[in-house]
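Q: Read off the chains here:
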Amino acid sequence: DQQVKQNSPSLSVQEGRISILNCDYTNSMFDYFLWYKKYPAEGPTFLISISSIKDKNEDGRFTVFLNKSAKHLSLHIVPSQPGDSAVYFCAAVTTGGGNKLTFGTGTQLKVEL
Amino acid sequence: GAVVSQHPSRVICKSGTSVKIECRSLDFQATTMFWYRQFPKKSLMLMATSNEGSKATYEQGVEKDKFLINHASLTLSTLTVTSAHPEDSSFYICSAPPRLAGGVMYFGPGTRLLVL
Chain U
1412 DQQVKQNSPS LSVQEGRISI LNCDYTNSMF DYFLWYKKYP AEGPTFLISI SSIKDKNEDG
1472 RFTVFLNKSA KHLSLHIVPS QPGDSAVYFC AAVTTGGGNK LTFGTGTQLK VEL
Chain W
252 GAVVSQHPSR VICKSGTSVK IECRSLDFQA TTMFWYRQFP KKSLMLMATS NEGSKATYEQ
312 GVEKDKFLIN HASLTLSTLT VTSAHPEDSS FYICSAPPRL AGGVMYFGPG TRLLVL
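Chains as they are written, first to last, in this note's numbering: chain U, 1412 to 1524; chain W, 252 to 367.
No wet-lab data here; the hints were simulated from the structure. Among the clues, some could well be false.
To be verified - Below, simulated BS3-like cross-link-like pairs (lysine-lysine); rule was C-alpha separation at most 25 Å, straight line:
#, chain 1, residue 1, chain 2, residue 2
1, U, Lys1416, W, Lys292
2, U, Lys1511, W, Lys317
3, U, Lys1479, U, Lys1511
4, U, Lys1479, U, Lys1448
5, W, Lys265, U, Lys1511
6, U, Lys1511, W, Lys293
7, U, Lys1482, U, Lys1416
8, U, Lys1467, U, Lys1448
9, U, Lys1479, U, Lys1467
10, W, Lys265, W, Lys306
11, W, Lys293, U, Lys1416
12, U, Lys1521, W, Lys293
13, U, Lys1448, U, Lys1416
14, W, Lys292, U, Lys1511
15, U, Lys1482, W, Lys293
16, W, Lys293, U, Lys1448
17, W, Lys292, U, Lys1521
Claimed, not checked - Some residues of chain U that are not near chain W, with every Cβ distance over 12 Å (derived):
#, residue
18, Ser1423
19, Ile1429
20, Tyr1447
21, Lys1449
22, Pro1451
23, Pro1455
24, Gly1515
Cβ coordinates follow ideal geometry from the N, Cα and C atoms, glycine included.
Chain W with its partners taken away, still in its complex shape:
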């Protein structure tokens, strides 16, 4: 079946540093990928839509200069948390649809970010 991977699975960094998270579709091409954030005991909140070959589309309230998204190829999207602060600590999950119809989405395993 369709597989989406994320790297790293866990990262701890100091406040003020930038962290890059990679999302890869392993056996299909994805012109669109999605980045979600999950707070403890909360729902998954869509942050942005990553579009291959064009700018990402950010949801309301998400700082695009804070969360930089680059969809470099049909199998790779990266999320960079710039100048990370403790409040950015969260579980970040990417997803990709193997086909446009149907809405079925496959998710990566997630990345746990802890900013000290």
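Just chain U, with the same shape it has in the complex:
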């Protein structure tokens, strides 16, 4: 049972444009959401997070939006840069539930020149 889903396995965007990565979840107990970036043969690196009490969090070029009623979150990257090309995982956690992260299946982002 995939509780966190990223329905787009890949996304291609031109440099300078906006990248929008989507993530849906089914478990209403999740109250904290994170985005990680991963290069091949490396561990994930933390990008940005959002608590369920917020609907938006911004950090530089990265903005995460949360729609609790739709159980949907998205990561916006603008402007996209070639160095952003990587696999992006969204993850969800129930704080107080042992800090176990549930990951989505990932979206491969390719930013083209």
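Go by the hints and put chain W onto chain U.
A: Chain W alone, transformed into the frame defined by chain U:
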């Protein structure tokens, strides 16, 4: 920032041997560490939670006798893949939270295991 290291980064072994992977938190103490496994083009699957001073907690479907976890100190957790078989070949990643609140997790660089 918080750093988590893993050793080795890559290991090739023969079928039937055991392989130990170390996970260290370098600038913080971690009473809990997590071990994940990633199959090609798949998500990271949580295998187990490593608890300092007590037994690890394994996720459903993960053989605890196959994947031995020891959290020897507040900065070190080890995963031993016992009697490894080719199907154990995978990318193993550990993580540790520098603080309990917030859910932010820092990950190690991963260990690529290839069992021949």
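Q: All hints, please: hold or fail.
A: The hints, checked one at a time:
The suggested pairing of Lys1416/U with Lys292/W holds, with an alpha-carbon distance near 14 Å, which does not exceed 25 Å. Proximity of Lys1511/U to Lys317/W is assessed by CA-CA distance (about 21 Å); at most 25 Å being required, the pair is judged to hold. Distance restraint check for Lys1479/U and Lys1511/U: the Cα-Cα separation of roughly 20 Å lies within the 25 Å cut-off, and the hinted pair is therefore satisfied. For the proposed pair Lys1479/U and Lys1448/U, the alpha carbon gap of about 23 Å is at most 25 Å, so the pair holds.
Taken as a hint, the Lys265/W and Lys1511/U pair is broken in the structure, with Cα atoms around 32 Å apart against an allowance of 25 Å. Using a Cα cut-off of 25 Å, the hinted pair Lys1511/U and Lys293/W holds, with the two alpha carbons roughly 18 Å apart. Between Lys1482/U and Lys1416/U the CA atoms are separated by roughly 11 Å; this keeps the pair inside 25 Å, and the hint holds. Between Lys1467/U and Lys1448/U the CA atoms are separated by roughly 19 Å; this keeps the pair inside 25 Å, and the hint holds.
Taking the CA atoms of Lys1479/U and Lys1467/U, the gap is near 11 Å; set against the 25 Å cutoff, the hint holds. Simply put, Lys265/W and Lys306/W have alpha-carbon atoms about 28 Å apart, too far for the 25 Å limit, and the pair is violated. Straight-line distance between C-alpha atoms of Lys293/W and Lys1416/U comes to about 12 Å, which keeps the hinted pair within the 25 Å bound. At roughly 18 Å between alpha-carbon atoms, Lys1521/U and Lys293/W fall within 25 Å of each other, so this suggested pair holds.
The suggested pairing of Lys1448/U with Lys1416/U holds, with an alpha-carbon distance near 16 Å, which does not exceed 25 Å. The straight-line distance between the Cα atoms of Lys292/W and Lys1511/U is roughly 21 Å, inside the 25 Å bound, and the hint therefore holds. At roughly 22 Å between alpha-carbon atoms, Lys1482/U and Lys293/W fall within 25 Å of each other, so this suggested pair holds. At most 25 Å may separate the alpha-carbon atoms for a hinted pair to count; Lys293/W and Lys1448/U meet this at roughly 14 Å.
Under the criterion of a C-alpha separation no larger than 25 Å, the hint pairing Lys292/W with Lys1521/U is consistent with the structure, at around 15 Å. At the 12 Å boundary, the C-beta of Ser1423/U stays outside the reach of chain W, the nearest C-beta of that chain being 17 Å off. The claim that Ile1429/U is not at the interface with chain W holds, since no C-beta of that chain comes within 12 Å of its own (minimum 25 Å). For Tyr1447/U, the requirement that its beta carbon stay farther than 12 Å from each beta carbon of chain W is not met, with the minimum near 8 Å.
Remark: the non-interface label on Lys1449/U conflicts with the geometry, its nearest Cβ contact in chain W lying 9 Å away (cut-off 12 Å). Non-interface call for Pro1451/U relative to chain W: violated, since the shortest CB-CB distance, roughly 9 Å, does not exceed 12 Å. Look at Pro1455/U: its CB is around 5 Å from the nearest CB on chain W, not clear of 12 Å, so calling it non-interface is violated. A beta-carbon of chain W is positioned within 12 Å of the beta-carbon of Gly1515/U; the least distance is around 6 Å.
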